[in-house]
Each structure stands twice: as C-alpha cells, then as structure tokens.
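Undergrad: These protein sequences, in sequence, are chains A and B.
Anchor point for the first sequence: position 270 equals 270 in my numbering, and the numbering is continuous, going up by one each time.
Just add 350 to wherever you are in the second sequence, counting from 1, and you've got my numbering.
Hints were generated in silico from the structure; no laboratory data involved.
Idealized CB from N, CA, C, for every residue including glycine.
Any given hint could turn out to be false.
[Said to hold, decoys possible] One side of the interface only, derived from the structure: several residues of chain B facing chain A at Cβ under 8 Å: (1) I364; (2) I399; (3) L408; (4) I423; (5) L426; (6) V433; (7) S434.
[Unchecked claim] Okay, the calculated beta carbon distance ranges per label pair: (8) B:N427 with A:T146: 28 to 38 Å; (9) A:G59 with B:S434: 17 to 27 Å; (10) A:T133 with B:Y361: 41 to 51 Å; (11) B:V435 with A:R144: 48 to 58 Å; (12) B:P393 with A:R144: 23 to 33 Å; (13) A:R144 with B:A425: 19 to 29 Å.
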Amino acid sequence: MTVLIAGAGIGGLTLGLSLHQLGIPFKIFEAVREIRPLGVGINVQPHAIRELFELGLEGELDKVGLRTKQVAYFSAQGGEIWREARGEFAGYHWPQYSIHRGGMQMLLYRALMERAGPDVIQMGAAVTGSVDTATGVEITLADRSTGETLGCAAGSVFVAADGINSAARQALYPDEGAAHWGGIMMWRGVTRGPSFLGGRTMAMAGKRDCKFVCYPIEEFNDGTCLINWIADRAMAEDYVWREQDWTVKGAWMTFWAFFLTGRLIGSMCLRSSPRRRVSGNIRWSTATHCRAGATGGCRFWGMRPMRCIRLDQMARRRRSLMRVCWRGSCATWGRASLHWSAMTRYGVRQ
Amino acid sequence: MGQGVAALERYDEIRRETVNALVLANRGAGPDKVLDIVAERAPEGFESISDVMSQVELEEAAGAYKKLAGMDIEALNARGPLVSVSS
Numbered sequence: 001m002t003v004l005i006a007g008a009g010i011g012g013l014t015l016g017l018s019l020h021q022l023g024i025p026f027k028i029f030e031a032v033r034e035i036r037p038l039g040v041g042i043n044v045q046p047h048a049i050r051e052l053f054e055l056g057l058e059g060e061l062d063k064v065g066l067r068t069k070q071v072a073y074f075s076a077q078g079g080e081i082w083r084e085a086r087g088e089f090a091g092y093h094w095p096q097y098s099i100h101r102g103g104m105q106m107l108l109y110r111a112l113m114e115r116a117g118p119d120v121i122q123m124g125a126a127v128t129g130s131v132d133t134a135t136g137v138e139i140t141l142a143d144r145s146t147g148e149t150l151g152c153a154a155g156s157v158f159v160a161a162d163g164i165n166s167a168a169r170q171a172l173y174p175d176e177g178a179a180h181w182g183g184i185m186m187w188r189g190v191t192r193g194p195s196f197l198g199g200r201t202m203a204m205a206g207k208r209d210c211k212f213v214c215y216p217i218e219e220f221n222d223g224t225c226l227i228n229w230i231a232d233r234a235m236a237e238d239y240v241w242r243e244q245d246w247t248v249k250g251a252w253m254t255f256w257a258f259f260l261t262g263r264l265i266g267s268m269c270l271r272s273s274p275r276r277r278v279s280g281n282i283r284w285s286t287a288t289h290c291r292a293g294a295t296g297g298c299r300f301w302g303m304r305p306m307r308c309i310r311l312d313q314m315a316r317r318r319r320s321l322m323r324v325c326w327r328g329s330c331a332t333w334g335r336a337s338l339h340w341s342a343m344t345r346y347g348v349r350q
Numbered sequence: 351m352g353q354g355v356a357a358l359e360r361y362d363e364i365r366r367e368t369v370n371a372l373v374l375a376n377r378g379a380g381p382d383k384v385l386d387i388v389a390e391r392a393p394e395g396f397e398s399i400s401d402v403m404s405q406v407e408l409e410e411a412a413g414a415y416k417k418l419a420g421m422d423i424e425a426l427n428a429r430g431p432l433v434s435v436s437s
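Could you put together the complete structure from these sequences and hints?
TA: What follows is the structure, encoded as structure tokens:
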C-alpha cells in the first residue's frame, strides 16, 4: 500500500512524516525542482502544533519560530480593545508558534529527508491527472517547465496537497470552480525593528476593511526582532484580483497611504509622482485616492490616522511601529521584502 | 482516491462540516468581528473600552471563535492526538 501525495508543501510534508511514523509507504511529487523558503509569517495554533510535537519536532520548531504569548486588538485610534493569552500561556498543553512559513516548510523537509531519505520525494514532477484502477489509483506526471511527460505512478491512495490552486482538486470536483476571493488584499512584509509589547505579542489594529497586523517571528540579542506585518484592505467588488500566490511582488503605492496620516501622504505625494512607483500589474485607482486624501485632510474612508501601534517603548520614542515597518521595508523593498496576495478560500462543499 | 475510497469518504464526512465552519469564520467575521463592532460604535475612538463593549460581550466574541476553531482549551487538552504511533 503506497500513498501518493501531490505537493511538498506544509501539508504534504507533514503527511509524509506521519505516514513514515506509522510505517506506511508513500511518495511525494513536487512540481518545482527545488524547495525554497517562500512566504512570510504564519501563526500555527496549538491543535496543529500538538501533532508536530507528536512527530518529535518541538526542538526544531523552537529553533525556527517563537512561542506566541498573547494577541492584542486595538482600535484605529490606538485604544486597546482586548488582549488574551495564547498557546501554553492560555492553558493549552501546547504552544502557538509565530513562524516564517518558508522556515517551517524547510524544517519539515529536513526532518523528512533525515528520517525517510531522499527517495520519498520526486522533485520537478507535477501531478497532471489521476484515474482509479482495479488495484488502486494511477497518477500521471509532467515537468511543468518543459511540458514533458514523466510517465505514471501507481499506488493505493492519492492525496492532493498541491495548494490553494490545486489541479487535482479541480479534477475531482470539476463543478466547484476556482477559490473564492474574500474581498481582502493583503500586503505582507518582514522588517527588523524594535521589540514591542513584551516581545511575543501579535497585535492588530483598525477594522476588517483596513487592518494592520504585526507580530515577531524571530528574536535577536540586541532587543530587536523580525516583525512580520500585514496590511489588509477590502477592495471594491469589481477589483481584478490575482490568484493567491506567496511570491507575487507588491508595490507600496497601492496600499500604504491608507495606513498613514494625511500629512505624511501629502509630503509623499509632493515628493514623488505616485505614477512612477506603480508597477504594471497594480491598478491605478488607489493612487488617485491618495491624492484626494492628501488635499482633503487625513481621513480615508472614515479611517483616522493610525497612531494605534505607538505602544510600549515605541510610545516614548514617538514613533509608531507601523512607521518602523514601513521605513525598514522601504530600505529593502526592492529585495523581496514585500509581497501581496488575495485572501482566498475554497467554496464550501455541502 | 483509489483503494481507500470508503475510508476517505468517511473522513470527508466527519471533517467537512467542521472545516467548512472554520474556513467561513476565518474568512468572514471571525476575530475581526470585535474590531468592526468597536469601529462602528466608537468611530472617533474611546477613553475606556468598557464605554464601548462590556466585558461579557468581549469574552463571548473571543470564546465563540475559539470553540469553533477546536481550540477550546479543555477539549483539546483532553483528547488524544490525531496520529500517534502508540495508539
């Protein structure tokens, strides 16, 4: 009995580790030739972490991620609404981790290689289809970059772990259609900055259609940390969104004005023409809003200036964490520190 | 699919509703609900959160999502892992 798995992402690799633990043969087929640590921060909750601990990965997780202590919610004006402990600090037997998605994937990959050997993954082989046979299932494989077919593989069970845009899922449920967009675009970045709110806090501020989220994913000895941040914005219904992808580069001009004060936007617009910064695949409409805002004061769709995350030691320095995030990333934004993705979900099967 | 069709369909049957509810909460109101309520009731900000939402309301909003996510502390601590070599 061999389990065939499409995709060596977090799901496919974890399944591989569990099957290895149970002594069930398996083979993973991954479309890319080399696994690279893509993405930015994610939060992994206790109910998932316990399964990874069960696989003996606690020490590895502590090397790559941080045990989250609390989550705190703030209004757009910076008023604290709610905070609550997380993971083991809330009484769970297992922690919540704030962790770099790519770092976590590489951790799982290394563990699987050490335990099961390199033969359990075939790289550069995308699964293009599956058919039920008398003895189980047969999948067809192809090299995605050349289109060359790579033959077939047979097994007892086939599991599609090939991501949000899963080809295998589409084949199994052809009427389901593509993933649904939730109406929110997320601009994500990672910036090194001062530690805030005790150093293990996930903070979020604003409201659903204009929200800023940040949390540390790595600590350094000098009181700084690697801050993962996300700027969420609800977009108009007719907004042309792209497929969810961790690797698409973002452009500052399309979102940051919505999270800053009117004065700052004004100076920014005077200093440089927004047009120059808008890259080909970003719509122009957002920049138009920026200009209207710059002359019309500091309100955008009812959004007050976001002084919200001026907290802790940040308050004494009279700088907001959000601005630290912008500034830090501005210095490196040509070097893959900023990505954007549509927040999508699959349809709900009844 | 393949040999384990019945087993996989059974798994799907057990998990689907649970996961559906979680996906909708994550991509819908979910944890953002509290932020939206506060923004609506106090668009200009507040001095004290108790003027905007009661402690009971806040706890209810946080608790409802947690329970949905299967993160309910006692329930998670009490059950065994999904995969275990000793089981």
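Undergrad: Each hint should be assessed against the structure and marked as holding or not.
TA: So, going through the hints one by one against the coordinates:
no.	hint	result
1	I364	violated (14 Å)
2	I399	holds (5 Å)
3	L408	holds (5 Å)
4	I423	holds (5 Å)
5	L426	holds (5 Å)
6	V433	holds (5 Å)
7	S434	holds (6 Å)
8	B:N427 with A:T146: 28 to 38 Å	violated (51 Å)
9	A:G59 with B:S434: 17 to 27 Å	holds (19 Å)
10	A:T133 with B:Y361: 41 to 51 Å	violated (21 Å)
11	B:V435 with A:R144: 48 to 58 Å	violated (35 Å)
12	B:P393 with A:R144: 23 to 33 Å	violated (49 Å)
13	A:R144 with B:A425: 19 to 29 Å	violated (42 Å)
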